[in-house]
Amino acid sequence: MATQIDPSTDMTPAGERRRDFIYIATGAFAAAGAAAVVWPLVDQMAPSADVLALASIDLDLSAIQPGQAIKVSWRGKPVFARNLTPAEIEAANKVDVKSLRDPQSLADRTKPGHANWLVTLGVCTHLGCVPLGAGEGENRGDFGGYFCPCHGSAYDTAARVRKGPAPKNLEVPQYAFKSPTQITIG
Amino acid sequence: MSFSWAKHYEPTTALGKYMDSRLPIPRLVYDSLGAGYPTPRNLNYFYNFGVLAGVALVIQILTGVILGMHYAANTGIAFDSVEHIMRDVNYGWMLRYMHATGASFFFAVVYIHIGRGLYYGSYKPPREVLWLLGLVIFLLMMATAFMGYVLVWGQMSFWGATVITNLFSAIPLIGDAIHTWLLGGFSPDNATLNRFFSLHYLLPFITFGVIILHIWALHIPGSNNPTGIDVKGPQDTVPFHPYYTSKDFFGLGVYLTLFSVVVFFLPNMLGEVDNYIPANPLSTPAHIVPEWYFWPFYAILRAFTVDFLFIPAKLWGVLAMFSAILLLFFLPWLDTSPVRSNNYRPVAKTLFWVFLVDILILGICGGKPAGEPWLRLSQIASVYYFAHFLILLPLVSRYEKALPLPNSITEAVLKRQTHKGGPASIQLPGAGLAELPGTGRAQPAE
Chain A
0 MATQIDPSTD MTPAGERRRD FIYIATGAFA AAGAAAVVWP LVDQMAPSAD
50 VLALASIDLD LSAIQPGQAI KVSWRGKPVF ARNLTPAEIE AANKVDVKSL
100 RDPQSLADRT KPGHANWLVT LGVCTHLGCV PLGAGEGENR GDFGGYFCPC
150 HGSAYDTAAR VRKGPAPKNL EVPQYAFKSP TQITIG
Chain B
0 MSFSWAKHYE PTTALGKYMD SRLPIPRLVY DSLGAGYPTP RNLNYFYNFG
50 VLAGVALVIQ ILTGVILGMH YAANTGIAFD SVEHIMRDVN YGWMLRYMHA
100 TGASFFFAVV YIHIGRGLYY GSYKPPREVL WLLGLVIFLL MMATAFMGYV
150 LVWGQMSFWG ATVITNLFSA IPLIGDAIHT WLLGGFSPDN ATLNRFFSLH
200 YLLPFITFGV IILHIWALHI PGSNNPTGID VKGPQDTVPF HPYYTSKDFF
250 GLGVYLTLFS VVVFFLPNML GEVDNYIPAN PLSTPAHIVP EWYFWPFYAI
300 LRAFTVDFLF IPAKLWGVLA MFSAILLLFF LPWLDTSPVR SNNYRPVAKT
350 LFWVFLVDIL ILGICGGKPA GEPWLRLSQI ASVYYFAHFL ILLPLVSRYE
400 KALPLPNSIT EAVLKRQTHK GGPASIQLPG AGLAELPGTG RAQPAE
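If you read the protein sequences in the order shown, they are chains A and B.
Using numbering that gives the first Met the number 0, you'd call the opening residue of the first sequence number 0 and step up by one each time.
Using numbering that gives the first Met the number 0, you'd call the opening residue of the second sequence number 0 and step up by one each time.
Quick caveat, the hints were computed from the structure, so don't treat them as lab data.
Each residue gets a CB set at the ideal place from its N, CA and C atoms; glycine is no exception.
Watch out, some of these pointers could steer you wrong.
[Unchecked claim] Here are some chain B residues pointing at chain A (derived, C-beta under 8 Å):
1. G174
2. H178
3. G184
4. P277
5. T283
6. V288
7. F309
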């Protein structure tokens with residue numbers, strides 16, 4: 000080292016000490032070590048392997064008649080799979096999309112070539128209640144889709160919010176057709 | 000840590016002398032709960048509620064540790080294990096009712112304790128840190144109570160957990176990730192129940208630690224008092240023991256009597272019937288409500304029904320609910336009036352009572368279904384809640400003309416004895432103290 004070190008204070012004229020490096024290196028090493036230890040402590044709270052293994056499910060649609068819907072559990076939440084009748088499809092398509100609170104057409108919410116299969120989460124977008132309408136004889140609300148009894152949100156036959164406090168349409172989960180009557184959700 | 004005239008601990012027994020030079024616990028007790036702790040002579044029964052809150056926590060820990068011996072934190076059997084405690088475990092019904100009712104009593108006592116602090120200005124210098132520590136305890140209590148309620152794994156447990164954990168999903172961008180991380184899944188399930196049990200067991204002990212800091216911070220300046228003026232000399236104080244130990248024990252007797260009445264005769268009065276139905280993720284109860292002690296905050300959460308300023312209504316509700324509590328942390332700097340007690344602040348005193356009514360209205364709204372007129376009412380009450388702290392209190396503390404303060408606690412006490420009954424503020428209508436009979440007698444030697 001070419002710099003002049005004052006032996007009485009062990010400092011360079013710029014106010015640095017040779018020990019500064021040791022302190023900083025020790026601190027940095029300890030901080031990196033602590034971060035490496037903390038991460039597992041944080042990450043253990045994330046969904047475990049068995050929870051993730053059940054994160055996608057297969058669903059057979061063949062038994063659902065037009066006009067019927069079923070309720071299945073996916074990731075601990077209900078999913079509604081509904082076989083729309085031609086009249087219900089027509090009713091959904093007649094609505095002016097721009098007039099909706101959450102503007103989406105039926106085509107946006109179904110898979111191409113499977114316009115009669117409406118698959119949505121059964122979780123009201125207001126405060127998370129399970130809407131009625133998927134079960135036989137349940138109240139389907141003013142728009143023939145689903146009706147949330149908690150705060151009166153009504154959804155139409157494309158499960159779009161039409162009335163009540165819910166801000167969004169019922170969420171369409173990620174899913175794909177494996178065969179014409181088989182879907183994989185998640 | 001205490002006034003200069005505090006009595007000094009003198010160990011008398013051989014064991015006392017032995018301990019005093021090794022682990023001086025008797026000295027600590029003497030100096031903080033005994034004759035060595037001079038306390039303002041005019042503390043009223045509202046000053047019992049700190050001790051009562053401590054007792055309530057001990058009851059919760061004691062019954063909780065025992066319930067933990069019989070409870071199983073697994074979604075398959077959690078609900079059944081609670082029923083097992085109620086029906087099969089010896090005295091299990093009593094322990095569970097004590098624990099469930101005890102939570103309500105704990106909150107009731109703490110709310111009165113906080114209200115006492117608000118009325119007498121106990122959050123003002125030099126007690127700000129004491130106030131902040133109290134709020135930390137309050138937050139810990141709320142987290143603990145919420146998680147404990149979920150453990151029952153009834154319908155209200157499950158849907159309460161769903162609604163409350165969903166609050167975190169309102170955070171922009173990272174909300175959903177945080178939500179999943181907190182739950183350990185995509186909806187409340189076994190992972191959620193297990194971690195809630197673990198934390199529900201842990202947090203009371205953290206709370207206990209913060210309470211020790213809270214008491215430590217209290218014992219530096221000593222208790223505030225109903226006049227809000229500082230202790231000026233020995234004549235203003237009495238030793239904690241026997242004066243306030245006896246007063247606290249009397250209050251404790253009344254408290255435990257009321258507690259027993261509810262535990263043994265009305266154990267489900269404060270609970271929700273729906274929580275006796277096992278949790279069902281596919282069916283929502285028609286009306287999701289938290290326990291009564293969360294109602295005011297729940298009302299603020301639901302008061303936001305429209306998006307504005309590009310922020311969705313749901314996020315507004317969440318922000319408002321959390322700020323409603325966080326606002327209290329700033330209270331010592333929002334209320335800048337040098338006069339502590341509302342007994343001498345006519346405008347602030349009126350504001351206090353209006354604020355109390357506002358909280359009650361919010362509480363009623365929070366317990367009702369989210370429809371009209373409750374929604375509109377909770378919107379108005381929420382606006383007032385924030386206006387109280389952010390507008391009214393800062394303005395009043397700047398412009399209010401306070402009533403004349405007594406010269407000392409002793410003077411105020413002796414005057415009260417001459418004018419039997421009625422709070423001090425009624426007897427001090429700016430009339431000038433000298434005109435009041437008895438003041439000459441009350442003058443302390445300063």
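Checked hints:
1. G174: With a closest approach of 14 Å, the G174/B hint is violated.
2. H178: 11 Å, violated
3. G184: 5 Å, holds
4. P277: 15 Å, violated
5. T283: With a minimum Cβ separation of about 4 Å from chain A (threshold 8 Å), the hint on T283/B holds.
6. V288: At about 11 Å, which exceeds the 8 Å cut-off, the nearest Cβ of chain A leaves the hint on V288/B violated.
7. F309: At about 14 Å, which exceeds the 8 Å cut-off, the nearest Cβ of chain A leaves the hint on F309/B violated.
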